[in-house]
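*Asks:* Sequence:
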Amino acid sequence: MATILLVNDERILRTLVAAGLRRLGYSVLEAAGARRALQLASRRRIDLLITELALPGGDGLELARRVREAAPAAGVLLLARTRCPESLERKARDGGFTVLREPFAVTDLLGLVSARLPGASSVRKPPSSSGTEDRRPLRRSQ
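For the sequence shown, the numbering used here assigns the number 1 to the initial residue and increments by one for each residue that follows.
Please note: incorrect hints may appear among the correct ones.
As the list claims (entries may be wrong) - Below 20 Å or equal to it, Euclidean Cα-Cα: the simulated SDA-like pairs (lysine to any residue) are:
(1) K91 - A105
(2) K91 - E62
(3) K91 - V106
(4) K91 - G58
(5) K91 - P56
(6) K91 - G111
(7) K91 - A54
(8) K91 - E102
(9) K91 - L117
(10) K91 - E69
(11) K91 - R65
No wet-lab data here; the hints were simulated from the structure.
For clarity, every value in this text was computed on a predicted model and none was experimentally measured.
When you get a sec, could you build the whole thing from the sequences and use the hints?
*Replies:* Structure below.
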């Protein structure tokens, strides 16, 4: 089972995304900030890091670099808030990282995750009672 390290300072959003990833069969480690994320990454093999690009009191880009140093095969997906400076987003893309700008649809995030993890084809699709995908964007609370 692939392990994802999810770093987001907003608990509700982090919990929602983690629940969706777990439903798909991934093991998910959660952290609210870079310090805790680095502790978790030092103890477990990480297959994919999903983190905010601009973390309060930290830097998601630096976190991504440090996780990649420890686990060169780990994928990285950076989430950019609407107010995130374009220069930081460009720096992340220039560094070879994928950036997903908020707000985003849950299915967009899950699709990017499945495309980056080995064995993703064996991951179950989430159940859907209506047969349609949930394309509502995830938005931060005000």
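*Asks:* Provide an ascending list of the numbers of those earlier hints which the structure does not satisfy.
*Replies:* 1, 3, 6, 9
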